[in-house]
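Trainee: Residues per chain, in single letters:
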Amino acid sequence: MVYVKWGLRAIFWIAVLAFLHYTLPQHDIARITDTYEKRVNPGENALFWSNAATGENVNATERDVFFIQTFLTDDDPMIYRNEDTGWGWPPYFKFDTANLQAEASDHLSKKSAEAAQWVAIRHYGWRNEFLSIYPNAISLWAVEGPEARIVPWFNIVVLTLLAAAWWAIRVRWNRFWERRGQPEGGEWREAAE
Amino acid sequence: MIALLRLLIFGGIALGVVYLGLSWYFRAAHRERMERDWEAAGRPGNREAYVAEGMAQYARSLRRRLLWLVFVLPVTAVGLIVWITNFN
Numbered sequence: 163m164v165y166v167k168w169g170l171r172a173i174f175w176i177a178v179l180a181f182l183h184y185t186l187p188q189h190d191i192a193r194i195t196d197t198y199e200k201r202v203n204p205g206e207n208a209l210f211w212s213n214a215a216t217g218e219n220v221n222a223t224e225r226d227v228f229f230i231q232t233f234l235t236d237d238d239p240m241i242y243r244n245e246d247t248g249w250g251w252p253p254y255f256k257f258d259t260a261n262l263q264a265e266a267s268d269h270l271s272k273k274s275a276e277a278a279q280w281v282a283i284r285h286y287g288w289r290n291e292f293l294s295i296y297p298n299a300i301s302l303w304a305v306e307g308p309e310a311r312i313v314p315w316f317n318i319v320v321l322t323l324l325a326a327a328w329w330a331i332r333v334r335w336n337r338f339w340e341r342r343g344q345p346e347g348g349e350w351r352e353a354a355e
Numbered sequence: 021m022i023a024l025l026r027l028l029i030f031g032g033i034a035l036g037v038v039y040l041g042l043s044w045y046f047r048a049a050h051r052e053r054m055e056r057d058w059e060a061a062g063r064p065g066n067r068e069a070y071v072a073e074g075m076a077q078y079a080r081s082l083r084r085r086l087l088w089l090v091f092v093l094p095v096t097a098v099g100l101i102v103w104i105t106n107f108n
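In the order they appear, the protein sequences are chains A and B.
Counting in our numbering, the first sequence runs from 163 upward without gaps.
Counting in our numbering, the second sequence runs from 21 upward without gaps.
Simulated from the structure, these hints should not be mistaken for lab results.
Warning: the hint list may mix true and false statements.
[As the list claims (entries may be wrong)] Facing chain A, a subset of chain B residues (Cβ under 7 Å, in silico):
no., residue
1, Ile22
2, Leu24
3, Leu27
4, Val95
5, Gly99
6, Ile101
7, Thr105
8, Asn106
[As the list claims (entries may be wrong)] Label pairs and their in silico Cβ distance ranges:
no., chain 1, residue 1, chain 2, residue 2, range
9, A, Arg311, B, Ala49, 39 to 45 Å
10, B, Val38, A, Met163, 48 to 54 Å
11, B, Tyr45, A, Leu293, 38 to 44 Å
12, B, Asn108, A, Thr223, 14 to 20 Å
13, B, Gln77, A, Ala222, 55 to 61 Å
14, A, Leu293, B, Val95, 52 to 58 Å
15, A, Arg311, B, Val92, 46 to 52 Å
16, B, Leu35, A, Phe316, 18 to 24 Å
Beta carbons: idealized from backbone N, C-alpha and C, even for Gly.
Construct the complete structure from the given sequences, taking the supplied hints into account.
Mentor: Structure follows, in structure tokens:
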């Protein structure tokens, strides 16, 4: 039973961490080498594609998606999709996909370039080759060089608030059940004694 | 527009549940504090009247009204995120 209990707890916490890791924004320093548009046909991986109803028909099974092709500072390729999240989940309220694509194509910088142009890319999501899923780029801006560091203030604040809320509820929950477990006395106790 | 409507409706419901839950919890906590106060003050007069007086004060207090932040803060946050993501 102990193993089951700890197993369930582990699954729960792994799910929570995975959810946060997928949803919260992260920043990459990268060099954009190309931007393109590709027809996608989400199937089993549909969960990892956003299909925000920002005006167009959401029932179409195929659609064109913008992509941003980059190399990270360790020279590994990273491909971002560039999709609206609209009013849906995750709550980035992104509607400026086409504008972002224009900004991305304005920062192209190939390996052969004399002075490489590095950009910070804010994104959420995961890259997985087996599932054909891509992180969604939220915004990007030029940075000095590959050593640029971005302090994740937003994540610090959100995680602190989440931890505080979890702690506040947990403390009250425990206190509630402790009080229940220890009757203050009264006629039932007297009768038992 | 359907997506915006969905967000408004379900977000409103979720915030309403949070608001009602918190307001119930804070009121219960305040009542308990009033009851303890009454005993600490040497049981002056009627207990019910003492607690009712305390609850009436609480209903008018700033602390009670701050609970509207449950609605104000998320709506402000959404507005801020829309601006930062799209227009900044």
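Trainee: Determine for every hint whether it applies to the structure shown.
Mentor: Hints, one by one, checked against the model:
no., hint, result
1, Ile22, "6 Å, holds"
2, Leu24, "5 Å, holds"
3, Leu27, "4 Å, holds"
4, Val95, "12 Å, violated"
5, Gly99, "9 Å, violated"
6, Ile101, "5 Å, holds"
7, Thr105, "5 Å, holds"
8, Asn106, "4 Å, holds"
9, A:Arg311 - B:Ala49: 39 to 45 Å, "44 Å, holds"
10, B:Val38 - A:Met163: 48 to 54 Å, "35 Å, violated"
11, B:Tyr45 - A:Leu293: 38 to 44 Å, "42 Å, holds"
12, B:Asn108 - A:Thr223: 14 to 20 Å, "34 Å, violated"
13, B:Gln77 - A:Ala222: 55 to 61 Å, "59 Å, holds"
14, A:Leu293 - B:Val95: 52 to 58 Å, "35 Å, violated"
15, A:Arg311 - B:Val92: 46 to 52 Å, "34 Å, violated"
16, B:Leu35 - A:Phe316: 18 to 24 Å, "21 Å, holds"
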